[in-house]
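All chains should be modelled from the sequences, with the hints used to inform the complete structure.
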Amino acid sequence: MTLRADHIAGVFFIALGIVVFALSGDLPFGSLSSPGAGMMPKLIAGLMIALALAVLVGGGTSERLAAIDWSDRGHALMVVLITAAGIFAYQRLGFLLTMSLLMFGLLTVVERRNVLRAALYSVALTLFAYWLFGKALKAPLERGLLWF
Amino acid sequence: MDTVFDSLLLGFSVALRPDVLWFAFVGCVVGTLVGMLPGIGPLAGISILLPLTFGLDATKAIVMLAGIYYGSQYGGSTTSILLRIPGEAASVMTCIDGNAMAKNGRAGAALCIAAVGSFVAGTFGVIVLTLVAPPLAGFALGFGSPEYTALLVLGLIFLAYMSTTSLTRTLLMAALGLLLGTIGIDMMTGHFRYSFGIAELGDGIGIIPVAVGLFGLGELLATPSRQVTSNVTSPRLRELLPTREEWRQSAMPIARGSVLGFLIGIIPGSAHIISSFISYALERRISRQPEQFGKGAVAGVAGPEAANNAASTGAFVPMLALGLPTGPVIAVLMAALLIHGVPPGPTLINDHPNVFWGFVASMYIGNLMLLLLNLPLVGVFVNLLRIPYAYLYPLIIMFCVIGVYEVNHSIVDVWIMLIFGGVGYALKKFGFDPAPLVLGLVIAPIFEMSLRQSLIMSDGTWTIFLERPIALALLLVSAALLTLSAISMLGRDWRGRLKEAARSE
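So the protein sequences, as listed, match chains A and B.
Position one of the first sequence corresponds to residue 1 (my numbering), numbered consecutively onward.
Position one of the second sequence corresponds to residue 1001 (my numbering), numbered consecutively onward.
Rather than coming from a laboratory, the hints here were simulated on the basis of the structure.
Treat each hint with caution, since some may be false.
Stated by the list, open to error - Partner residues are not named here, just some residues of chain A that face chain B (Cβ under 10 Å, in silico):
no. : residue
1   : T2
2   : D6
3   : D26
4   : S31
5   : M39
6   : A52
7   : G94
8   : F95
9   : L106
Ideal placement from N, C-alpha and C gives every residue a C-beta, glycine not left out.
Spelled out as structure tokens, the structure:
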């Protein structure tokens, strides 16, 4: 049997529905006249499993799993990792440092741009965003290590 | 009619204030840019820029955000015509004949027809909105919990029926959204649901982090810079005027697209996208020269452009009159109104007339502004497309992070955005449309509350939905749509045929 995209998707959503049921153990279902906190999640999880089964069963005509184009996965992974590092650092280093480093990282590591040009661009754009949000719109931005 | 006219005058007195005009202008300019730039659609644009409105009152906020929405419909046509890259999904059909016109040396005329078509359709949409929304809101004031439950069920079924993917896949995404919407404290019993000890999850998962993740970050992850080209030729101003024959050929498609787009716009689903597909198919079907489609047919630009703009305006009717989001963009706009303490729905017109009528009036002005902006400044906007995408998307990611963080000053929200960026990327790979997920997330609290209240009211009897005429009528329509979907699944689906027609071009 050829493994297809909808087979994987169907199995994933069925598993997710089962996980939701497992996590809902302590939530009371209640009764129809007095619905509990667990009624809606369990009903929806059941519906999701049924729909996922339909996707799985009808998956024979979907795209072959091997035919899905993952050529952008390297780009996606690098962007996710650098953004995750930026999020992790945001409250520690503050807005100016984190955003400058985030942009610089994306430009140099992912895009292989000239280091000096990337540094100038990152700092200039971060300062502009700082002025726009922090000064013009008075949004409280994280200060972190810097004093302003 | 006099009341509507007087109220509209009140709206214009609000919308013509210099400060409100300024924010309408900013929204239109930003919307045009959002529509033009690949990798950032109206939903991500509005979500990212939502924090900019926190210091504003509700009227200015909604005027600016709505300006971004309908401005993006205008902007999307520019990249479609000049680059054959749809800046946003609704402009896909414009690519076909718009770009063919550009290759035939008629880029300016195509841009002008797209802008005028958008203006006419947008203005038509606002006029009908002005007339339809107040009586519809008055009618909806009589709705109780069972009617709202039935209305939301109908909304979900309509969404699935109109979706470009299959019924089961759309409903599956909506179910996932509804499930995510149950995270947090249960408002009726105080139980914590799936919060895993994370305090921030007690308030549930926000719409903004999910929307920015799925539609902003997810799109950027799937778009490596090497895939984005920017060989742009900007037309000269004197080349913008279409010939008399081109005006003649575009008149009726614009009229048809306006009516069709508005009607589809008020139905839940990706209306502005679907309306442009259907308008293109319709124009091709009734054309005396169908063989011209794909080779630069004026009707292939005028119809879809008018339809997607009218649909954008039509989508505001259920939002303003019923408090019902018809798509993810409208859902985020609803969230924006709620953040500003203005609940959208039937009570909006009576409780906040300045916001409602000011917003409606601003749409008349916004459409005119966009027409005046887009044509003379097309060269300026096009120059922005020359910025390499590799330099653009890090900036967008920075705005995503700031935008999401500033909503609640919560780093958990930013992590949620990143997770949903990955989810959006995966969904794209597996051919799932994430729009129903966002819609499910938005309506989950209202749906759960109205369903449970209905059951409590009826002492646990499901027949309450069949005993109330409006609820019964809404459920019958839902059942009819489900049956129609099942029948169409057995035969060859019209959506598939539409896609094939588009692909064959």
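How the hints compare with the structure:
Hint on T2 of chain A is violated. Least Cβ distance to chain B is approximately 16 Å, over the 10 Å limit. Taking 10 Å as the C-beta cut-off, the interface hint given for D6 of chain A holds, the closest approach to chain B being about 8 Å. At about 9 Å, the closest approach between the beta carbon of D26 of chain A and any beta carbon in chain B falls short of 10 Å, and the interface hint on this residue holds. Checking S31 of chain A against chain B: minimum C-beta separation of about 6 Å stays under 10 Å; hint holds.
Contact between M39 of chain A and chain B, as hinted, is supported at the beta carbon level, the nearest pair being about 7 Å apart and thus within 10 Å. Residue-level restraint check for A52 of chain A holds (minimum Cβ-Cβ distance to chain B is 6 Å; threshold 10 Å). Interface restraint check for G94 of chain A: the shortest CB-CB distance to chain B comes to about 12 Å, outside 10 Å, so the restraint is violated. Hint status for F95 of chain A relative to chain B: holds, with the closest Cβ pair at about 8 Å, below 10 Å.
Hint status for L106 of chain A relative to chain B: holds, with the closest Cβ pair at about 4 Å, below 10 Å.
In terms of the numbered hints stated before, the structure departs from hints 1, 7, listed from lowest to highest.
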